[in-house]
Amino acid sequence: MTIQDDETLQMYLEESIEHLADIETDLLAIEEAGADIDEDIVNKVYRAAHSIKGGAGFMGLTTIKDLTHEMENILGKIRSREMVPTPEIVNVLLMASDTLKALMNDVFTSNDVDISQHIEALQAIAEGRPVPSAPATLQPDEPPASESAMDEKAGRISEDEPASKSEVVTLAAADNRIAIDADRAMVEGLMNEGKFVYLATIDLIADVIDKGKKPSATIEEMEQTGTLIACSTSPDRVRSMKLKKGQAADPFIVLFATILKPEDINVLFEIPDHQIHQVMPDMTVQCLGQKSAAAVTVDDTPEPASAVKSDPMAAAEPEPVATPAPVEIPAQVQPKTTAKKAETETSLRVHVSLLDQLMTLAGELVLSRNQLLQSMSSEDHRGSEIAGQRIDLITSELQEAIMLTRMQSIGNVFNKFPRVVRDLSQTLGKNVDLHLEGKDVELDKTIIEAIGDPLTHLVRNAVDHGIEMPDVRRGVGKNPVGKIFLKAYHEAGQVNIEISDDGKGLDGQVLAQKALEKGLISEDQAKVMSEKERTNLIFLPGFSTAEKVTDVSGRGVGMDVVKTNLDKLGGIIDIDSELGKGATIRIKLPLTLAIIPCQIVMTGQERYAIPQVNLEELLRIPADQVKDRIERVGDAEVVRLRGNLLPLIKLATVIDTEAIYVDPKTGKKGLDRRKSISDRRSKESPLFASAEQDTKGRSSGENGNQESDTRQPEDRRYHAASALNVVVVSTGAMKYGLVVDELHDSEEIVVKPLGRDLKKCKGYAGATIMGDGRVALILDVANLAQMAGLTSIEGSSRAAEVIQENLRSIREQKDRQSLLVFRSAENEQFATPLNMVERIEKIKATDIETVGGKRVIRYRGSSLPLFSVDEVAMVQPLADVEDLLVIVFIINGKEIGLLAIGPVDAIEFSLDVDGRTLKQAGIMGSAIINDHTTLMVDVYEIVQTLNPQWFENMEAATNDKGEAAKILFAEDSNFFRNQVKSYMEDEGYAVIEAEDGAIAWDLLQKHADEISLVVTDIEMPNMNGFELTRRIKASNAYSHLPVIALTTLAGEEDIEKGRQVGISDYQIKLDREKLVRSIYGFLTSM
Amino acid sequence: MERPEGKKMASRTVEMATFYVGKALCGMDILNVQEINKLMDMTTVPQAPEYVMGILNLRGQIVTIIDLGKKLNLGETEMGDMSRNIIVNSKDEYIGLLVSRISDVVEADWDKVEPPPSNIGGVQGKFFKGVFKTKERLIGILDVEKVLDNEK
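First to last, the sequence lines map onto chains R and W. The first sequence begins at 1 in our numbering and counts up by one. The second sequence begins at 10001 in our numbering and counts up by one.
Source of the hints: derived by calculation from the structure; they are not laboratory data. C-beta atoms are modelled at their ideal positions from N, C-alpha and C, and glycine is treated no differently. Check the hints yourself; a few may be wrong.
[Claimed, not checked] Restricting the straight-line Cα-Cα distance to at most 27 angstroms, the calculated cross-link-like pairs of lysine-lysine (BS3-like) are:
(1) 854/R <-> 894/R
(2) 10146/W <-> 10129/W
(3) 10146/W <-> 762/R
(4) 760/R <-> 10070/W
(5) 10038/W <-> 752/R
(6) 854/R <-> 844/R
(7) 752/R <-> 10146/W
(8) 10091/W <-> 752/R
(9) 759/R <-> 10126/W
(10) 10146/W <-> 760/R
(11) 762/R <-> 10091/W
(12) 10038/W <-> 759/R
(13) 568/R <-> 760/R
(14) 10091/W <-> 759/R
(15) 10091/W <-> 10129/W
[Stated by the list, open to error] Here are the in silico distance ranges between beta carbons for each label pair:
(16) 10092/W <-> 750/R: 12 to 20 angstroms
(17) 10092/W <-> 403/R: 19 to 27 angstroms
(18) 10092/W <-> 39/R: 54 to 62 angstroms
(19) 354/R <-> 10013/W: 53 to 61 angstroms
All chains, please: the whole structure from these sequences, using the hints.
The structure is reproduced here in structure tokens:
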């Protein structure tokens, strides 16, 4: 072999590997096109093969040259249309390109690899003969000669020579009947992941064929439950082998890593125990079968091994790192070793323009530095400031540009999937269409490299377990061709990858049942879990085992491993499934690992960084609401957040530091002595005290606390500083609130590792250096949850308990509504539904302009019209203060701002609205909120009064269609019934009211012909909205009626439940516009 | 013990950076010392082992600061004007040793170094390579790798 020099070779290899990647996709395209040959593509492949061949000839890589030569011949014939690319031909070509890839990876030994089979197959095709022994289609009765030759070769290496390289370890059973070489690092790596490594001999005839199984299925099963480290025969070959009963075949030796325990392993293999050996961490091998005489005991490893006569290799085992001294095996370097080497020496192609850009930036940086130094030495502050700003700017640009050099498009990963899907679906006899989207999305190189395996696993899963067999699909009325969508896109500074299929989906019930059997969850937990939580059980460590492959829907084999891998990347995985319709797996990944945006928080005088990936939202609970919103369930504290309950963890408690409280008046810092959050009574407020006693059942807690509080004579609990700051974080499967002392900014931080003394502190993912030079720790939110004893299941079961409680209280009380409370005049409180509010802006009174008799404010380049409540309603005029608030609403597609003053507050309130006493124009009613009579503002009505012209279009449209439309409206609350009814009547609909579901049902029977739409509340006495919908949808006469459900709090669960019973749409009460639009939409589409 | 580093030197002498840990005078081969500083603006790490004072930014590197007094069971090192961090590089990682006070650089002759008594000044003997006698004082020579080795 005349290898020129390393650099040239490296370049050639890189280029060729790129070519090969293209060849694969192009070959698939050629196959699809069939006889309708696209010359461009064929030419492209031809040229690629040709340049590989040319380079190989130059480098002296004869094997590669020969192989590409034959490929080129066939491609030439396809190009000249002498040949039609049938799937068989493409198959052989693909096989050849696979072999080429393997040769490239191990280029130094490539000339010694036997490729006669491929050559033969290719020549046969070229000559138009039937393919005699194409690798894929081995003749049934012919034990392939070359294969056994290869086996012999492999066998010889392991028998005759001690492990040749330090990275390669030879594993052999004590009696040396079976032996195999493996990459030591890989074996150890897998062991460190908590996997067991087994060395097994499978007699393909006795153990597989005779039991009525297929070799391909066996391999498949193994690949799904673990990792094939090494085998005596390549898996692809075994897969394609066609063996008959009674035939003799070489035993198939595999080295296999899996999470299955020794006592369970045979569930998978189903072979006699003595054929399975477990590989111990010290690389010795122990037989599982008791009857094997040569069973090696763990303790005294060297002895039994060396006891075996004439077995140098087994003796070498105890010190598996065989001497790296030159061993005389020049020809047969272990392929694994070299392959590994080639991989680590990869280089990256960077566009010259990008390099130029980097150079320019570096130049600018130097200039700015000079400027800075100069300004500093001449003490020119202004100059230093300017230079500083420039450096700031250049640094960010530089950072971005450098990052770009590391970015690779996800297409690199995606492109291999068409082949994976094609091969797998062919093996399984399924029809699958793969749609790729977003190949251009770019990610950091390290992430691209690491994402490949998990994604492959997910895609394979989708084909294997998601998509049903064609006839099954036909049976359930689906297109026999299954669809898998693979989609990547950017969102919020992260990359999202979605893998969805239209297969059978996951059955949460079965999954829950399995988890129960495995003792991963308790029965009570299983009962209260939502469907989504059940689906997500699949990610629980220890959930996947072999038997599930057959039992359950099958998804989830190794899913926990996928999740662990993604966790390492800082990614998040989530699964959505609908039984019978398919499943969607969503993965969120950071763009890069080195620099991550983080939220900075403070606890106990130290700053901590929480990666933005984990951040859901920030929550501030004012002191006076803590009592209402935080409750204790068992030992846990939870906060009500939009109808759901969120478990709370105090950061200071988890990491065992002291929370700090800042006195708002003096700015003095003191220890925060609150032990538990809900324990926030005040000595001055009997209300708090009694609440405290209720929740904790303790009546004498007052005095002790009083004493300790005397240090701070003022009652700090009324101050804003006493509010709770909660960072809502999610770790994929679970979401919780982290209580911290202070919230700071979000910053981009550089991740630095922690020293070895701190490796044991699980709560931190690393450290970073802040702008002031101090170090801040980066929190690992998943581990924190674990440290706090919060697992997703626990969290959810706890939360579910409280949700039950919550629901009960909702039923007992009235509907809860999120309201925004504000004031217009100092002593008049107003409220408006929070969901109608777009945002709140702070403005100065002087910024308001009066134009054309209307008040407006310039905002984002346009004028935002303003109004105040007193313009329509008979209330006190807007307070004359400097600082005003503008609550922005969108009415009929236009933004409008309501002038108000603080304090504003968002509350959840069990609405008991009095729709009569204080009702007037612009006010829909009143309620008592926080001991104040509060007027509910009807923003819609006010705007309508002020700007009637805004509504003309809409109403006209309605009049055309909705003339005679009659709507049945069921709602138990008088206030809402009147309110919503008036909305609908204003739009020109006729409304039939019902006070609950049962009445509505009766009314529906009576007015069956007239009613064209049903609007219903969910929570109602006698018959709730779900039941009503169920009945409507179940009857032939009414099932065509659209049902719009009105809720105050539309939780995901409810929406899901609603969908199942057939609710057509969810709308939020008092959001007039959306409701009207939805009604209009349904009526016109009918 | 055999000291290969000593053997290489013709005179078998080694320069020692000496410092006080509490009241005990200790020394270490000056070649182990990366730098000595008095940066005390550490970030505490809750839940860290007791002897870890905190972490520090040393020109962009995160350095773990270890209270040498605590580590050697000589009691907590009091932070004062005289206290310093001795930054050592061990296994590709910078670690700071907080000591009470820095003393002189002393030239020690390996031949005169005596094996450590099993218990010197209440310190576990295993952290010391030996004891060197100067005219006035005894210097305990620290085995830095052993001190920093957490696998006890």
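Verification of the hints:
Straight-line distance between C-alpha atoms of residue 854/R and residue 894/R comes to about 15 angstroms, which keeps the hinted pair within the 27 angstroms bound. Restraint check for residue 10146/W and residue 10129/W: the C-alpha separation of about 9 angstroms stays at or below 27 angstroms, so the hint holds. At most 27 angstroms may separate the alpha-carbon atoms for a hinted pair to count; residue 10146/W and residue 762/R meet this at roughly 24 angstroms. With a C-alpha separation of about 18 angstroms, the suggested pair residue 760/R and residue 10070/W falls inside the 27 angstroms cut-off, and the hint holds.
The hinted pair formed by residue 10038/W and residue 752/R meets the criterion: a straight-line CA distance of about 22 angstroms does not exceed 27 angstroms. Between the alpha carbons of residue 854/R and residue 844/R the distance comes to roughly 17 angstroms, so the proposed pair stays at or under 27 angstroms and holds. For the suggested pair residue 752/R and residue 10146/W, the alpha carbons sit about 25 angstroms apart, so the restraint of at most 27 angstroms is met. For the suggested pair residue 10091/W and residue 752/R, the alpha carbons sit about 17 angstroms apart, so the restraint of at most 27 angstroms is met.
Between residue 759/R and residue 10126/W the CA atoms are separated by roughly 24 angstroms; this keeps the pair inside 27 angstroms, and the hint holds. With a CA separation close to 19 angstroms, the supplied pair residue 10146/W and residue 760/R stays within the 27 angstroms bound. Between residue 762/R and residue 10091/W, the direct Cα distance comes to roughly 22 angstroms. Compliance with the 27 angstroms bound is thereby established for this hinted pair. This hinted pair checks out: residue 10038/W and residue 759/R have alpha carbons roughly 25 angstroms apart, not beyond 27 angstroms.
Proximity of residue 568/R to residue 760/R is assessed by CA-CA distance (about 17 angstroms); at most 27 angstroms being required, the pair is judged to hold. Note on residue 10091/W and residue 759/R: the hinted pairing holds, with a Cα-Cα distance of about 15 angstroms set against a maximum of 27 angstroms. Straight-line distance between C-alpha atoms of residue 10091/W and residue 10129/W comes to about 19 angstroms, which keeps the hinted pair within the 27 angstroms bound. Separation of residue 10092/W from residue 750/R is about 19 angstroms and conforms to the stated range, judged on CB atoms against 12 to 20 angstroms.
Here the CB-CB span from residue 10092/W to residue 403/R is close to 26 angstroms, well matched to the stated 19 to 27 angstroms. Distance hint for residue 10092/W and residue 39/R: a CB-CB separation of about 57 angstroms, consistent with the stated range 54 to 62 angstroms. Under the hint 53 to 61 angstroms, the C-beta atoms of residue 354/R and residue 10013/W, about 55 angstroms apart, fit the expected range.
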